[in-house]
Amino acid sequence: MRSGVVGLLTLALALALAAAGCTTDGGQGAQPAGDVAPPGGGQAAQQRQERNLLDRVRSRGELVCGVNAEVPGFGFTDEQGNFSGFDVDYCKVIAAAVLGDAEAVEFRPLSTEQRFTALQAGEIDVLSRNTTYTASRDGSEGAAFVTTTFYDGQAMMVKADSEFQRLEDMQDTAICVLSGTTTELNLASRFAAGRIAYQPVPFEDNETLQQAFEQDRCDGWTSDRSQLAGVRSNRPNPAELRILDEIFSKEPLGPLVRDGDQDWYDAVNWAVIATIQAEEFGVTSRNVEQMKDSDNPEVRRFLGQPGGDDNTVFDPGLGLDPAFAVDVVSQVGNYGEIYDRNVGPDTPLGLERGLNALWTDGGLHYAPPYR
Amino acid sequence: MLRAAFQVAFVVLVGALLWYLLGNLRTNLRVSGLPTGFDYLDRPAGVDIRDSPFRPSQPIRDAIVVGLVNTVRGSVVGIALATVLGILVGVARLSTNWLVRKGAAVYVETLRNVPVLVTIIFMYTAVVLRLPPISRASEWLGLIVFSNRGLVVPWGVAGTGARAFTGVVGGAFALAVIVGLWRSRRFDETGEPHHRVLWGGAVLVIVTAAGYVAFSRPVTLTLPTREGRIVQGGIQLGPEYAALLIGLVLYTASHIAEIVRGSILAVPKGQTEAANALALSGFQRLRFVVLPQALRIMLPPLANQYLNLTKNSSLAVAVGYFELTRITGQIIANANPAPQSIAILMLLYLALSLLISLVANIVNRSLALETR
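As given, the protein sequences belong to chains A and B, one line each in that order. Quick note: the first sequence uses the working numbering, first residue 1, plus one each step. Quick note: the second sequence uses the working numbering, first residue 1, plus one each step.
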């Protein structure tokens, strides 16, 4: 009898712990303005609900951005120990637009399996970590994706001296993959559709995965093509690895925020759009000051300069400074500059623009009109 | 009276806290538009699980079961091996042989003082992955294929009548135990040598062999053969499982060794002296006098180590073995609700731990010294 009571109490306590553990997830996720470790107290909570995340980020003076720390070109720590890469630059774009300072970012390296929980729990303001836009993530993860920054697709990397030319050649192989990714799901469905028998070898982090791949634990490494190119470029001898031609999924990657805070969503979304618009207008970090005096009224409007018939500054009401695009482009650059600097043809990754060209060049990047 | 009131108040307080937290969770999930129910368990899991017939179209609840089975597989084998190794090292620490004694001490002090996660990752990246790749796999006598994709050993494949044959083997075991018990009783009554292991083993072998012949080869042995990158036949011990198992066993055994050493030292010295006076050999002294008494002392802390090992098996996430925690992580990452999944995970670990405690308590009670 006594031991029964004790057991029951243990169970109750465990449940309480479980509930408490989850509350930090749900509790802060529920309040779109939830900050990192908010101070207790009724009044503070009241204020928190009244002010949206945009205001909170401003008053904090810093953007908390969830990033990857393991993929060269997209999100990694460079030789100086600074976060660097394409996705990292988009954190800076958002910080420049919202705070006027591209360096006012606190980076939070996250694993694939941690990222959504961190977003839901309000530990980060925005997630910029090569995350694929999917329906279920939009629907059941409480996430809201902004404009896609990188159109990617899944590919397979193999050793250059292996006999694999197509996915169909990979019968009875072991495939390394990061767990908790769309890649893992695509792998299962693509190989099932092709009736290719395989063994999944999933890992939590790219570093262990890379070691396993190098030691021939698996025959192929599947991931987004851009990521594979990044990993390959980082090898002492990239020619040892080969990426198969077939792209077997659509992977639109972009930043995302928590559901339910439209002001914050708009601010982040237009910060991203501004980079694409800037490239379309030919505004670069070098010529942005001259472009302020452009004859083109559209460019002047975009850069928040007085113009038009009544010579006023256009404010679309996004809650951003009317000249936010100047901060973004001068401090970080336009889309083309960000792309070329991190992953473009002149970098070790050497990725051509392809789908990531502007719509005017046959790509998919198309900025809605800024008016 | 006052004490009872305090106790009631405490229980009410805990209950209220629990209720508040659960309510808070549900409200917040609903506000954020996240699901609060467990319907998601019926959705297809969408992932493949290595070394398992699990298909991506099967529901999430099945994936959790596969994870649980794999956790149990790691824990049970780990507990058995860690116990054996732990006892050996613990006894070795008290050896009169200088080299054995010091070697055991070095083992305990190094393994005990390195975090088990580090040991597991080391075992995976520095030991298991460094085994020959599949293209240069070692093959021994056509019986064992050995590479960094796993160790494959011969294994039986069920044919017709396999089910009935399993029953026969089970019956043979039961019969062997009964014969063993009968021999023990004879020994107690008449003092005639019991040879119970011999008798029991003979019964087991004879009955099993008879069953095998009677059902005309219900189980056939398949030998592993390497064909390119895969090994056909046999049964595979995966490298991730191996790394986890080795890491857990080495770490836990170092703790068990200390428990064994302490328990042996706790047996009154007079017992050893009495055994010596009876001219028992060193082994006999250990086997019949010291260890049985030490067992009684070591059991409770040993159960604690078993619980630790089971819980530590969740560290397999680092090396990609598909156990409970890893599969739950995958489920959460695939846009399924985290709070519910973690709650299930906690309840399953709790159930496992309570089960181990229960078994340990039963054994403990049966071994307890009966004082008259």
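The set of hints was computed from the structure by calculation and includes no laboratory data. Among the clues, some could well be false.
Sample of chain B residues at the chain A side, in silico, Cβ under 8 Å [what the hints assert, rightly or not]:
| id | residue |
| --- | --- |
| 1 | Gly37 |
| 2 | Arg50 |
| 3 | Leu68 |
| 4 | Val114 |
| 5 | Val127 |
| 6 | Ile134 |
| 7 | Arg149 |
| 8 | Val153 |
| 9 | Pro154 |
| 10 | Gly180 |
| 11 | Arg183 |
| 12 | Ile230 |
| 13 | Ser314 |
| 14 | Gln330 |
| 15 | Ala333 |
| 16 | Ser366 |
Think of the CB as a built atom: it goes at the ideal place given N, C-alpha and C, for glycine as much as any other residue.
How the hints compare with the structure:
no., hint, in the structure
1, Gly37, "violated, 12 Å"
2, Arg50, "holds, 5 Å"
3, Leu68, "violated, 17 Å"
4, Val114, "violated, 18 Å"
5, Val127, "violated, 11 Å"
6, Ile134, "holds, 7 Å"
7, Arg149, "holds, 6 Å"
8, Val153, "violated, 18 Å"
9, Pro154, "violated, 20 Å"
10, Gly180, "violated, 33 Å"
11, Arg183, "violated, 37 Å"
12, Ile230, "holds, 4 Å"
13, Ser314, "violated, 12 Å"
14, Gln330, "holds, 5 Å"
15, Ala333, "holds, 3 Å"
16, Ser366, "violated, 16 Å"
Of the numbered hints given earlier, the model fails hints 1, 3, 4, 5, 8, 9, 10, 11, 13, 16; all others are met.
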